[in-house]
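K.L.:
For the record, the sequence lines run as chains H and Y. Just so we're aligned, residue 1 is where the first sequence starts under the numbering used here, counting upward by one. Just so we're aligned, residue 1 is where the second sequence starts under the numbering used here, counting upward by one.
Keep in mind the hints are simulated off the structure, nothing from the lab. There could be a bad hint or two in this list.
Per label pair, the in silico range of CB-to-CB distance [claimed, not checked]: (1) Y:Ser143 with H:Arg77: 22 to 32 angstroms; (2) Y:Gly144 with H:Glu82: 55 to 65 angstroms; (3) Y:Asp117 with H:Leu220: 24 to 34 angstroms; (4) Y:Ser114 with H:Ile89: 52 to 62 angstroms; (5) H:Leu220 with Y:Ser143: 44 to 54 angstroms; (6) Y:Asp117 with H:Gly206: 39 to 49 angstroms; (7) H:Met91 with Y:Asp117: 52 to 62 angstroms; (8) H:Asp229 with Y:Thr65: 51 to 61 angstroms; (9) H:Ala46 with Y:Gln136: 52 to 62 angstroms; (10) Y:Arg207 with H:Leu198: 53 to 63 angstroms; (11) H:Arg77 with Y:Arg198: 27 to 37 angstroms; (12) Y:Arg198 with H:Ser197: 20 to 30 angstroms.
Some, not all, of what chain H presents toward chain Y, calculated at C-beta under 7 angstroms [what the hints assert, rightly or not]: (13) Leu173; (14) Leu220; (15) Cys225.
Simulated coverage check for chain H against chain Y, where a stretch passes if three residues somewhere in it have a Cβ under 8 angstroms from a Cβ of chain Y [to be verified]: (16) 35-45; (17) 78-91; (18) 205-219.
All residues carry an ideal CB built from backbone N, CA and C; glycine is no exception.
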Amino acid sequence: MAHHESLLHREFAPPSRLTASVGLFSDRDPRVRLAVALAACVAAVALQSLTALLVALVLAIAALVAARPDWRTVGRRLLALEGFMAMIIVMLPFTVPPAGDVILFRLGPLTASEEGLHQAVTILLKTNIVVLLLTAMIGGLEATAFGRALATLGLPGRMVTLLLLTVRYLDVLQRDYAQLRRAMRVRGFRARVDRHSLRSIGYLVGMLLVRSFDRSERILNAMRCRGFDGTFRHDALTPPDRGDAMLGALTGLAIGACVWVELAVA
Amino acid sequence: MSDAPLIHLHDAQVTRDDGRVVLDGVDLAVHAGERVGLVGPNGIGKTTLLHVLVGLLPVTAGGLTAFGQPCRTERDFADLRRRVGLLFQDSDDQLFCPTVGEDIAFGPLNLGASRDDAAAVTGRTLARVGLAGFEQRITYRLSGGEKRLVALATVLAMQPDVLLLDEPTTGLDEDAEERMILLLQSLDQAMVLVSHDRRVIDRLATRVVRLGQNGLQADT
Numbered sequence: 001m002a003h004h005e006s007l008l009h010r011e012f013a014p015p016s017r018l019t020a021s022v023g024l025f026s027d028r029d030p031r032v033r034l035a036v037a038l039a040a041c042v043a044a045v046a047l048q049s050l051t052a053l054l055v056a057l058v059l060a061i062a063a064l065v066a067a068r069p070d071w072r073t074v075g076r077r078l079l080a081l082e083g084f085m086a087m088i089i090v091m092l093p094f095t096v097p098p099a100g101d102v103i104l105f106r107l108g109p110l111t112a113s114e115e116g117l118h119q120a121v122t123i124l125l126k127t128n129i130v131v132l133l134l135t136a137m138i139g140g141l142e143a144t145a146f147g148r149a150l151a152t153l154g155l156p157g158r159m160v161t162l163l164l165l166t167v168r169y170l171d172v173l174q175r176d177y178a179q180l181r182r183a184m185r186v187r188g189f190r191a192r193v194d195r196h197s198l199r200s201i202g203y204l205v206g207m208l209l210v211r212s213f214d215r216s217e218r219i220l221n222a223m224r225c226r227g228f229d230g231t232f233r234h235d236a237l238t239p240p241d242r243g244d245a246m247l248g249a250l251t252g253l254a255i256g257a258c259v260w261v262e263l264a265v266a
Numbered sequence: 001m002s003d004a005p006l007i008h009l010h011d012a013q014v015t016r017d018d019g020r021v022v023l024d025g026v027d028l029a030v031h032a033g034e035r036v037g038l039v040g041p042n043g044i045g046k047t048t049l050l051h052v053l054v055g056l057l058p059v060t061a062g063g064l065t066a067f068g069q070p071c072r073t074e075r076d077f078a079d080l081r082r083r084v085g086l087l088f089q090d091s092d093d094q095l096f097c098p099t100v101g102e103d104i105a106f107g108p109l110n111l112g113a114s115r116d117d118a119a120a121v122t123g124r125t126l127a128r129v130g131l132a133g134f135e136q137r138i139t140y141r142l143s144g145g146e147k148r149l150v151a152l153a154t155v156l157a158m159q160p161d162v163l164l165l166d167e168p169t170t171g172l173d174e175d176a177e178e179r180m181i182l183l184l185q186s187l188d189q190a191m192v193l194v195s196h197d198r199r200v201i202d203r204l205a206t207r208v209v210r211l212g213q214n215g216l217q218a219d220t
């Protein structure tokens with residue numbers, strides 16, 4: 001019996017912390033984080049001069065450092081972004097026609113324009129600023145907090161529900177897919193470009209859709225069993241506090257500084 | 001203790017959309033303190049029967065009386081579902097919130113509990129199933145055994161009088177199965193328990209009924 005008791009009350013592995021709650025943004029109201037992130041990104045995208053963009057980039061890096069993120073994850077995300085950006089940097093100078101006769105350099109039959117290079121650098125700076133800002137300000141936000149913040153900022157309830165359920169069921173869908181793929185592979189299936197492969201992949205996708213539909217029915221039933229009547233009940237969020245006001249003011253100052261540089265350069 | 005059953009399904013018939021009759025002439029009464037084991041071959045309609053008992057599927061003949069009230073409309077069944085909890089076969093169907101705490105609080109919040117009350121119920125219920133402190137855990141990262149216990153916790157958080165358990169130990173390893181059985185033995189709710197595992201039925205059920213082509217019969 002003693003054995004039974006200990007078995008019943010034994011703890012599984014201790015709960016793990018999701019993110020270290022030490023950064024500048026982690027204790028702030030999710031709505032404020034979302035709002036300042038949005039404002040900062042819109043401002044960054046609107047900037048034109050390279051000087052102002054460089055200032056914004058420095059500020060975005062500062063924000064990221066203050067957020068104390070998991071640098072390895074950030075690095076991996078940035079790497080994926082820069083890979084894509086590299087293509088644009090290479091393509092744009094040759095595809096944007098030069099204004100007037102000024103040609104930067106020639107590469108065989110191709111001519112590079114200064115305008116193209118300028119545009120490429122601008123795009124590179126803007127995307128990086130936006131990604132850094134979002135990572136810093138809302139990167140560590142939990143899905144639920146993010147959903148609720150979106151709801152209070154006016155996103156329709158249905159879209160929030162869709163977002164939250166997607167977060168939850170992506171993994172289940174992934175497992176369903178992996179399971180079906182394995183079942184195909186153990187019977188010798190290898191994807192080729194032929195009718196058989198296309199039809200089989202079609203069956204796979206179709207089966208995934210059917211399964212997902214069935215699952216959604218079962219989930220809805222389970223939710224109804226627990227008194228769900230179509231609307232999620234969120235508790236009212238506490239009003240923003242002084243720390244949130246400070247964050248808002250700080251972001252305002254940073255945006256103001258960038259705009260001032262932009263105007264001063266012009 | 002009165003002899004009136006908590007739930008009484010009488011002469012129930014269920015017909016699928018394609019016209020196939022799944023259940024016919026089924027009678028089932030569940031009394032307080034009872035743990036009814038429900039056995040029968042695959043596809044005979046055991047899960048269907050559980051779903052009928054909470055009104056997820058309508059009966060095409062016969063009827064259901066629960067807690068002394070006949071249940072006919074969706075509103076009747078919505079009230080019924082507060083007192084009769086159903087544990088689904090696949091816990092992934094039941095757990096839909098990103099974190100464990102939110103999932104368990106979902107039911108109490110729907111019943112009108114405040115956020116604080118719901119949090120208190122969540123903490124108590126998690127402790128009850130031996131998973132104290134699991135509130136912030138990510139639902140999809142739980143093991144199969146943990147998922148099943150959390151799913152049961154979501155049902156228990158509604159504080160039901162009757163539990164309907166659809167294969168509660170299927171797919172669990174020995175340890176997790178043992179935990180589940182001990183936990184269920186320690187609960188005082190009336191239960192209807194579907195299982196293919198005779199040992200589970202023997203250890204939990206106070207009586208056994210068999211669902212066959214001719215409806216429900218007492219099993220010896």
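K.L.:
So which hints don't hold here, by number, going up?
P.N.:
2, 5, 8, 9, 11, 12, 13, 14, 16, 17
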